[in-house]
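Novice: Sequence:
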Amino acid sequence: MKNVRKLTEGAMLLAVFTVLLLLTIYIPVAGVVVNLFLAIPFILFATKNEGKSTIVFLIASILLSTIVGSLISIPLVLIYGITGAVIGYLIRKGKDRNIIFIVSTLVVLVNIIGGYAVSVAFFNINFINDMIHIMRESLNSSAEMLKNFGQEKEATKLIKQFNEVLDLVHTLVPTIFVAIALFIALLIQLVSFPIIKRFGVKVEKSKSFKDICLPKSTLWYLLITLLASMIVTPDKGTFLFTVLLNLTYLLLLLMIFQGYTFLFYYFDHIGISKSIAIVLAIVSFMIPVFLYIIGILGIIDLGFDLRKQNVKKE
8 MKNVRKLTEG AMLLAVFTVL LLLTIYIPVA GVVVNLFLAI PFILFATKNE
58 GKSTIVFLIA SILLSTIVGS LISIPLVLIY GITGAVIGYL IRKGKDRNII
108 FIVSTLVVLV NIIGGYAVSV AFFNINFIND MIHIMRESLN SSAEMLKNFG
158 QEKEATKLIK QFNEVLDLVH TLVPTIFVAI ALFIALLIQL VSFPIIKRFG
208 VKVEKSKSFK DICLPKSTLW YLLITLLASM IVTPDKGTFL FTVLLNLTYL
258 LLLLMIFQGY TFLFYYFDHI GISKSIAIVL AIVSFMIPVF LYIIGILGII
308 DLGFDLRKQN VKKE
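Residues are numbered in the working numbering as their position in the sequence shown, beginning at 1, plus a constant of 7.
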C-alpha cells in the first residue's frame, strides 16, 4: 500500500510538472512566471520520500521532458529539478532556511556553470560572447550615426567607454553567475515555501533578516584581496587579474548585504517602520552612490561590532 501511494503521488506530481513545463516552453510570456513553480513538485516529493525514490523521480522527469518538450527543456529540469530535490531533502532533515538558501544557491550555480560549459564544449555556443558581440555591433552602428552628424569626438568617447564596460562585464562573468544563482534560489524559495506549507510541509524558520551577520573573517578576506590587487598588479586579461577582480566584487557585494542587514537592525532598534527601510533599500539600488554608503556601513558594522557594542551599552 505504501508503494502504491508513493507511485500515485509521484505520477500526480509528474503530471503537474509536465503541465508547468509545457506552459513554460510554449507560452513564453506566461513562462517567465510559471518556470519559478517548476521546483515545487520536486520539493513536495523529496520532503516525503527517501533519496533513492527522489533520484528515480528526477530521472523520470528528465525522460518526460525530452518527450513533451525537447533537449532545450533539459537545462530547466536540471536547474529546478535538482534544486527542488535538494531543498526537499534539507527540509526533511529539518535544516533552517538560511542553510537551505546557501545550499540551493550552490546547486543552481553548479547547474549554470555546467550548462554553460556543455554549450561551449559540445554545441560551440558561447551566449556570453555572442551577447557582447551583438552589443559591440550595435554600439558601432550608433557611433557611425553620430559621426555622420559631425559628432566624431563624442562617438569616439562613447565607443571607448562602452568597450571598457563590456570588457568589465566579460571579466566579471563568474560574479554575474553567482548573482544569478542567488537571485534564482531566492525566487524559488519565495514562490515555493508559501505553497508547500499549504500541503502540510513544515519549514524551519530562519533568522530574521536584521539579525543576520556575516563572519568577521569576510572583512579580512576583502582586505587581503585588495592588498593583493595593489601589490601584485596583474596585467589586464590574465587569469590572476580575473580572479582578484571577481573576488573583490563578490566580497564587496557581501559588504553591501551586511550593510542592509545593519540598516534593518538599526531601524528596528530605534522603532522605525520596516517599510521605510525597504523603501530606502529599493532607492539605493536605483542610485549607485547609496550602494557605496551601504557597503561602507557594512564594513564598519563588521569591523567595529556595532551591534554588540550597542547591546553592551544597553
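Keep in mind that the hints were calculated from the coordinates and are not lab data. It is possible that some hints are incorrect.
Here are the simulated SDA-like pairs of lysine to any residue, each with C-alpha atoms no more than 25 angstroms apart in a straight line [claimed, not checked]:
#1 Lys-164 x Leu-146
#2 Lys-217 x Phe-274
#3 Lys-160 x Asn-147
#4 Lys-55 x Leu-71
#5 Lys-55 x Tyr-33
#6 Lys-59 x Ile-74
#7 Lys-243 x Asp-137
#8 Lys-59 x Leu-14
#9 Lys-243 x Gly-310
#10 Lys-214 x Asn-147
#11 Lys-13 x Lys-55
#12 Lys-223 x Lys-164
Novice: Are the hints correct? Go through all of them and say.
Specialist: A quick look at each hint next to the structure:
no.	hint	verdict
1	Lys-164 x Leu-146	12 angstroms, holds
2	Lys-217 x Phe-274	9 angstroms, holds
3	Lys-160 x Asn-147	14 angstroms, holds
4	Lys-55 x Leu-71	22 angstroms, holds
5	Lys-55 x Tyr-33	31 angstroms, violated
6	Lys-59 x Ile-74	23 angstroms, holds
7	Lys-243 x Asp-137	21 angstroms, holds
8	Lys-59 x Leu-14	13 angstroms, holds
9	Lys-243 x Gly-310	31 angstroms, violated
10	Lys-214 x Asn-147	50 angstroms, violated
11	Lys-13 x Lys-55	9 angstroms, holds
12	Lys-223 x Lys-164	42 angstroms, violated
Checked against the numbered hints above, the structure breaks hints 5, 9, 10, 12 and satisfies the rest.
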